[in-house]
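Asker: Sequence:
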Amino acid sequence: MPACSYLFNWSQSADHLARFKRDPLSWFMSGGALVVGAMNTVAITGLRSQIINEANKLRDLQSQVAVHGTTLITIRDDAISLGRELKETQNLIKDQNKMINKLELNDAALNESIAYLANEQQKINIRHENSLLYQSFIEISASTTKCIKMH
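Under the numbering used here, the residues of the sequence shown are numbered 406 to 556, in order.
Calculated from the structure, these hints are not laboratory results. Glycine is no exception: its CB is placed at the ideal position from the N, C-alpha and C atoms. There is no bait here: all hints are sound.
Using 25 Å as the maximum straight-line C-alpha spacing, the simulated SDA-like pairs for lysine to any residue come out as follows:
hint	residue 1	residue 2
1	492	506
2	499	515
3	499	488
4	503	490
5	492	503
6	462	476
7	507	496
8	492	502
9	492	478
10	507	518
11	528	538
12	554	541
13	507	522
14	551	537
15	507	517
16	492	481
17	551	535
18	503	519
19	499	513
20	528	542
21	528	539
22	507	493
23	507	519
24	499	511
25	499	485
Between beta-carbon pairs, the in silico distance windows are:
hint	residue 1	residue 2	range
26	454	427	35 to 41 Å
27	517	483	47 to 53 Å
28	511	476	48 to 54 Å
29	552	524	38 to 44 Å
When you get a sec, could you build the whole thing from the sequences and use the hints?
Answerer: Here it is as structure tokens:
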């Protein structure tokens, strides 16, 4: 931009404008047009350098965006993998909860069976005791009958 502003200032200076307005042909012949052309060339070269610099900056930014894009893709892929692992973990937890519920039901059924068996065992024990008492009663009756017969 400095070359452009210099060219603008030079072309706007009163001396050159006055000479151009007074006698454009002599101004042209005296090399004024060459100076302006040279100044334009300098300005264009300056602009070209600035455009190249800006293009290089854009390429650098493009590279940075590509790197960040790759990083974002990696992060997205990691997030997808973690989501899948989370889903699998949730499914495992559901399966384990189902197994725990089944075990609790089995435990309740087992406790019920144990209580039933204990009750049946108690009935058997009572029957056994009754049978022993009955057998004792029969033996006592037999002994009593024997004693009565003997006397």
